[in-house]
Structures are given as structure tokens and as C-alpha cells.
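Enquirer: The primary structure of each chain is shown beneath.
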Amino acid sequence: MIPSQAQQISRLNLSNYSIHPLRAAIGVCLLCCNISPTKCFAQAIVPAARLAPAVVLAPGAPVNNDRDLAARRWVRGLIQQELHAVHSLCKLNPQQAKDLVDTIESQWKSKLASTFRSYTESNQRGGVDFEHRVENAMKAWVQASESINPEQKSTWDEELNSRNTLRQKVVIGKMISDAERKYGLTSTQMAEAEKLLLDRWKEAWWVMYRHGTTPETKFAWISPILSESQRTAGGDPGGVRQEYYTSGGATDLPSKSLNERLEVAGITSDESISIDPIAPAAPKP
Amino acid sequence: MMQSIHNSYAQRLLLIPISIALTAQFVLAQSPKSATPPTEPTISNTAEKIPRIFDRNPPEPEEEVQAPPKNAMVNFAMDPDRWIDVIYSQLGGSESTFEQFQRRRARIALNRIELICGLDEPLREKVQATADLEIQRFKTEVLTLASQAPRNPTQEEYQEFYNRIHKLTQKYQPRVLNQSQPSLWQKVLTSNLQDSQQSAIKKETDKRAEYREKTLRLETILRVSRRLGLTANQREKLEAYAQSQPENWKTFERAWQTLQSFPEKEKQNILTNEQIQELKKALETTDDLQLVVREFGEEW
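So the protein sequences, as listed, match chains A and B.
Our numbering puts the first residue of the first sequence at -10, with every later residue one more than the last.
Our numbering puts the first residue of the second sequence at 48, with every later residue one more than the last.
Quick caveat, the hints were computed from the structure, so don't treat them as lab data.
C-beta: ideal position from N, C-alpha, C; glycine also.
Watch out, some of these pointers could steer you wrong.
Said to hold, decoys possible - Covered by chain A, according to a simulated footprint, are these stretches of chain B (three or more residues, beta-carbon under 8 Å):
no. : segment
1   : 142 to 155
2   : 159 to 168
3   : 243 to 256
4   : 266 to 280
5   : 324 to 333
Sequences are here, hints too, so could you generate the full structure?
Expert: Shown next as C-alpha cells:
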């Protein structure tokens, strides 16, 4: 069970939850058809009361594994870099820097809890777009900051727009390279297709790309720029694109220790804010 | 009406013991014959030779299939049909998909050349016919090879034969397409194009290759930017470096090493002090599965 859910459950009245194992027990018995429902109900009443405390024990269970810790370090690394970037672009004064770093130090865990959870629970193939999530959180912090003036905020927005433009170029470039082989595009057609795809840009394409898949360029999208013979020939189903998965490799995410405080423009977060270093759970025998 | 129904049932019930008695008499009458050894029924009609779908005992096969040796790789006979499937699976599909892919490949290339420098219809037909001929030739080669294949191969025999399969299919493997052995239709096309057409195709091919390389470069810069937290200005500066040395910026790892080996002055010109400190760190590795994409462009 994920920690936040476990904590919520522990705060609630247990009598509401004791019915769940009871229902499950009845369901199993009905399926098996070995015991009558009435008899089963009578037997299940006692275990229901015993099973309820097991739900309460969940918050105490070790939830921080290696993946969780890695995710937290990457998130802190990205936040630290974003802080440096904000300072180098917006030239924060000491007061602004202090406000921003304190806010982030106190909120980062709750704001990005879903990111750690997604990574901890994700399967091997599905990745988590740490960069995008941290970027969104940072944007919200900068926008919410009262000490940062509107000009600085707009400068930061421009930087974010520039990043998005680069992302669009990369993803659409990949899609066009695919379409080049699939439909036999010329360089002129590739330039035209780029414009068409840019008009159709979706955030989901970037997410797909970060998860390791190049979005497909649909025939209908680029058919206006194809010649008659190209339209008749259709797409090449085979293609010569080679994709495969390999285990491990260098990651492009920066990492920062959980024991180090965030800092920007030489100002670290306030000592009163707990950074609460988390030790990894002992490996199971 | 009810009366008539009762009568009919009563008649049927009476008939049952009578029919049993008659059957018993018939069996007794037949018994001396059944004591003699059973003879094979003579089949006069050829249609009766064909086993019907509901036959419980299908006829024995005419030829006794030899049992596979103990060290055989599989416990069934690898007949030529199975080998044909194995050969085409090396090319990522079946016989029909191979044929479709090769035909379409030639067609797509011709369509593109038509747009670049124009192509007359007779030449187009000639090239397409050559492509068809090449497909037929390959299919014949596959049949010949499959007929020579071992029926119950051991591991060693299979490996030995697999080398022959690899040799045959190597030319059509996507990895080496257009690189070492151009297809016959490509040779025919080259020999029939004028110099001006060929130079136009070369120019066009270079442009498309440049587009792909640019995309790869941008992708690497994006990853470096994520790792170091670069700003838009810094990315622009880095792009100029990447353009001048494209080989060093094809992968993230190589780009990282290249940046680390930059002279201090250049580093300070591009990066901030925090980023220079970050650059000194080694790249962290992850156990997650990572997608590796190999880009192959078409020369035509």
C-alpha cells in the first residue's frame, strides 16, 4: 500500500473498513460452494475484527526502497538545477532567493509525491518524465512567489517556452525521419511535413517520446503533401528503423543527496525546515 | 386425438422387444462367419479412400516416419515447409510480407526519384520488373536451400545450416540495406540515369541525411541540457559546437566526454561555475530498460 493511502486509512474509523475482508471472505466461499453463505458469514465475523488491525500496520511498513530513493535524489537534483537556472536568468536578490528556496524545501516532498510513487511502482519499460514534472512544479512555485516580480516571471516563462520548442523540434524531427522512410519523402516534403506536424503538436507526443516511443506519423496528416503516386503506394510497413531495449545505461538526470540543503545564489534553505534524510529499507532475506 | 397418441406409443413399446429378438437371431446367424479371421474389405470406389473428418480411426500413413534421433534439436521433423518459414522469419515476416516489402521498397524509391529529377515510364517499368525478377530469384533460392535442409537436425547441424540461411538472407537484412550490396534494381536504375539526375539524387540524399543528423544532435543537446540545467542561450552556443563536430555529439555519453574535455576557457565561456562543477561528476547509471534507436536512412 502506498504511504499516503495507508495514512489516510489509519486516521479513519476502522469499523468502515472491517466489512471489506468480510465481503471478500463471503465471495470466496460462494465461489467455492463448499460452505453455505450463512455459515460462512458467521465464521467471517470473527476474522474481520482480527484482520482490521493489519490494515493499520501499513504506515509503519518500510516503503522507501532503492527506486524511491533514486527518484527523490533525481527530483532534488533537477530542482537544484532549476534554481540555478532561475537565478542566472532572473537575477534573484537575496530576499527573493531566500523565499523561493524555503518554499521549495518545505513543499517539494508533498508536491512531487506522485512522481516518486509513479517511479517506484512503474514497470521497467514505462518511465517517468521527471523533467516535465519538476518543471511544472517549479513554474507553479515561481508564479506563486510574491517576492518575484512579473518581469522575472515572464523571463522564466520564455525559458520554458524555449525548452518546449526544442522538445517539439526533437520529437517532430524523429517523426519526420520515420515518415521519410515510410512514405519516401523528399527533403522539400520533409520541411512541409514539419510545418503540418507542428500545427498538430500535442503534449502527449512528448510524453510518448520520453517513454521510449516515437509517435506515429499518420498517413492522413501528411497526405496533402504527397504526390499522386506516393498516395497510391501507401506506407512501407517494414521500414528499416531498428529499435530495441537495452538494460541500463547512463541517465541524463542530475542527482542531489537528500542530506544536502537546496541553495540558490549562495543562500541555503532555512535550518528550521526539516530535510528528514531517509535511510533505505533493509533488504528482505 | 389423445387416444391415437396413446395407441402409437403402445405400438412402439411392443415393437422394441420384437426388434431386439430379431437382432439377436441375426447376430446368431452371422456368428459362424465372424469366427473366421476378418478379411480386409475391398475398396472399389476411390472416394472411399479419402478419410472422412469424423473417422475415428484415420488410416495409417503410408510411409513410416523415422523417429528423430535422441540428440535432435526438436522432436518433430523439420520438413521443407518449416524451413521456409524459418528462412523468411529471419527477414522479419513471411514469404508474402517479404515480397510485399521488396516491391513496395522499389516503388517508394521510384516515386521519390520521380519527384526529384523526373523518371520516364519505360525506365520505371524496367526497374519494377527487375525488382520482381529479383524477388522470384530469391524465392527460388529459398526453396532450393529448404530442400537441402536436414530433417531432424541436431544442435550442430542446425547451427551449420543456420549459417547458410544467414548468408542467403544477409543481403535483405534491414541493417545492411543499401550499404554493402545494392539490389539489382538499384544497379539497373543507376546505370540508366543521366549524370545530372544522379547528382540531383545525391544532393537530395545529403539534405535528408543532414536533417536526420540535426535531429540526433538536438536530441543530444536536449539531454545535456537536462543534465546540466542549461538556458536557451547556452544551448545555442552548444549547438554551434555540436554542428562543427557532429561525430562527438551523436550520443549523450560521447557528448558528455567531449564537454569534459573542453578547455577551461571554453567551459567558462559556455557554462556557469555550478554547471562546471556538475560536469566533473561521472554519469549516473540506471537499471531501467532504455530504448535504443538505430537510424538508417535510405540512399534512394
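Enquirer: Are the hints correct? Go through all of them and say.
Expert: Hint-by-hint comparison with the structure:
1. Here's how the segment 142 to 155 of chain B fares: 7 of its residues keep a CB closer than 8 Å to some CB of chain A, so the rule of at least three is met and the hint holds.
2. For a cut-off of 8 Å, the count of residues in the segment 159 to 168 of chain B with a CB near a CB of chain A stands at 4, and the three-residue condition holds.
3. Judged by the Cβ-Cβ criterion of 8 Å, the segment 243 to 256 of chain B is covered by chain A as claimed, because 3 of its residues qualify and three suffice.
4. By the rule of at least three residues with a Cβ nearer than 8 Å to a Cβ of chain A, the coverage given for the segment 266 to 280 of chain B holds, with 13 such residues.
5. Beta-carbon proximity to chain A at under 8 Å applies to 5 residues in the segment 324 to 333 of chain B; the threshold of 3 is reached and the given coverage holds.
The structure is consistent with each of the numbered hints, conforming to all of them.
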